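Chemist: The listed protein sequences derive, respectively, from chains F and D. Remember, our numbering sits 211 above the position in the first sequence when you count from 1. Remember, our numbering sits 337 above the position in the second sequence when you count from 1.
Note that these hints are calculated values from the structure, not bench results. Computed from a predicted model, the values in this text were never measured in an experiment. Among the clues, some could well be false.
As the list claims (entries may be wrong) - Just the calculated beta-carbon pair ranges, DEER-fashion: (1) Ser519(D) <-> Ala257(F): 47 to 57 Å; (2) Leu520(D) <-> Glu259(F): 29 to 39 Å; (3) Gly368(D) <-> Glu258(F): 39 to 49 Å; (4) Ser519(D) <-> Trp239(F): 23 to 33 Å; (5) Leu501(D) <-> Trp239(F): 21 to 31 Å; (6) Trp517(D) <-> Glu258(F): 53 to 63 Å; (7) Pro508(D) <-> Gly221(F): 55 to 65 Å; (8) Leu498(D) <-> Asn218(F): 44 to 54 Å; (9) Trp341(D) <-> Asn218(F): 49 to 59 Å; (10) Ser519(D) <-> His249(F): 40 to 50 Å.
Backbone N, C-alpha and C define an ideal beta-carbon position, used for all residues, glycine too.
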Amino acid sequence: MSSSFWNMGGYAVYVWGSYGLAAAVLAWNLLAPRLRRHDILKELSAEE
Amino acid sequence: MWTWFHRLASPPTFYRLADRLVPWLGLLAAGLLGYGIFGGLLLAPADYQQGDAFRIIYVHVPAAALSLSVYVLMAAAGAVAVIWRIKLAECVLVAAAPIGASFTALALVTGMLWGKPMWGAYWVWDARLTSELILLFLYAGVIGLNQAIEEPRAAARACGLLALIGVINVPIVHYSVEWWNSLHQGSTILKLGRPNMSADMARPLYAALLGTYCFFGVALLRRVQNELLLRERGTAWVKEQLRSAHV
Chain F
212 MSSSFWNMGG
222 YAVYVWGSYG
232 LAAAVLAWNL
242 LAPRLRRHDI
252 LKELSAEE
Chain D
338 MWTWFHRLAS
348 PPTFYRLADR
358 LVPWLGLLAA
368 GLLGYGIFGG
378 LLLAPADYQQ
388 GDAFRIIYVH
398 VPAAALSLSV
408 YVLMAAAGAV
418 AVIWRIKLAE
428 CVLVAAAPIG
438 ASFTALALVT
448 GMLWGKPMWG
458 AYWVWDARLT
468 SELILLFLYA
478 GVIGLNQAIE
488 EPRAAARACG
498 LLALIGVINV
508 PIVHYSVEWW
518 NSLHQGSTIL
528 KLGRPNMSAD
538 MARPLYAALL
548 GTYCFFGVAL
558 LRRVQNELLL
568 RERGTAWVKE
578 QLRSAHV
């Protein structure tokens, strides 16, 4: 990839910062319910 | 129609339907978001005024649009939960709040990252920004209230009332750029028949918007499933789920 792409016309911090945060929000929204599901299944199995 | 609706709202039916929907929604979300991001970063030309900084639009606008839509959904679920006490509506209400809050925070922070190079400031106490910040507090209120009340059904009804009161803020956020003199630019894409953007710029934006809504569908269904398992503990269908999950 060319360096001008990564440089984003001098706005690299703002553009890549925004996309990075978006990726983090997506990842959290996938991971959090998965971990919670694991805990719930463990808790409910223990009740049986 | 009503029997169909009642069947759909029954926890085991909805749980299984969610299992079937999630892979398709996930696939759609991945494809649309993939194209939206690729198109936004590589296919769209730089803006003639804002240069490459305008590319923040492909994450900022979908996040902001979703932050409002999720609140409306949460308030609608809240109304159903308060009036008809339907369990599924309670689950949708409490499941939507953290997702909505995360996208509201994303809209605010990406807006700040866009505002700094364009306006010269991360934050201004302008109508659009302030009302969106209030939206974040409203989400936080629903999450906090739900955690503070021990009994889940009572908690959901209290959250439903709070969500309903707060929905007044949604049109304020949406129309703030028209009602007040705002530093925030007006709507770029929601002007039917008068496109302000070239197709190269607009297509990835529509894809990112749709993809974000599909992604929300996945996140919401997974969280609703968790709520259903908890609220229906001890029932035959939950036991069946436990057996098939092999924990």
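Chemist: Check the following: the C-beta atoms of Ser519(D) and His249(F) are separated by a distance inside 40 to 50 Å.
Modeler: holds (45 Å)
Chemist: Mind checking the hinted window 49 to 59 Å against the Cβ distance between Trp341(D) and Asn218(F)?
Modeler: holds (56 Å)
Chemist: Just to be sure I understand the hint, the distance between the Cβ atoms of Ser519(D) and Trp239(F) should be within 23 to 33 Å; is that true here?
Modeler: Given about 30 Å between the Cβ atoms, the range holds.
Chemist: Please check whether Pro508(D) and Gly221(F) have a Cβ separation lying inside 55 to 65 Å.
Modeler: Once the Cβ atoms are compared, 37 Å apart, the range 55 to 65 Å for Gly221(F) and Pro508(D) is violated.
Chemist: Take a look at whether the Cβ-Cβ distance between Leu498(D) and Asn218(F) falls inside 44 to 54 Å.
Modeler: With a Cβ separation near 50 Å, Leu498(D) and Asn218(F) satisfy 44 to 54 Å, so the hint holds.
Chemist: 39 to 49 Å was suggested as the range; check whether the CB atoms of Gly368(D) and Glu258(F) agree with it.
Modeler: With Cβ atoms ~40 Å apart, the hint holds.
Chemist: Could you say whether the range 21 to 31 Å given as a hint is met by the Cβ separation of Leu501(D) and Trp239(F)?
Modeler: Between Leu501(D) and Trp239(F), where Cβ atoms are some 27 Å apart, the hint holds.
Chemist: Starting from the range 47 to 57 Å, see whether the pair Ser519(D) and Ala257(F) falls in it by beta-carbon distance.
Modeler: holds (54 Å)
Chemist: Taking the beta carbons of Leu520(D) and Glu259(F), is their distance inside 29 to 39 Å?
Modeler: violated (58 Å)
Chemist: Against the range 53 to 63 Å, how does the distance between the Cβ atoms of Trp517(D) and Glu258(F) compare: consistent or not?
Modeler: Cβ of Trp517(D) to Cβ of Glu258(F): about 54 Å, so the range 53 to 63 Å holds.
In summary, the structure is inconsistent with hints 2 and 7 from the numbered list given earlier, while agreeing with the others.
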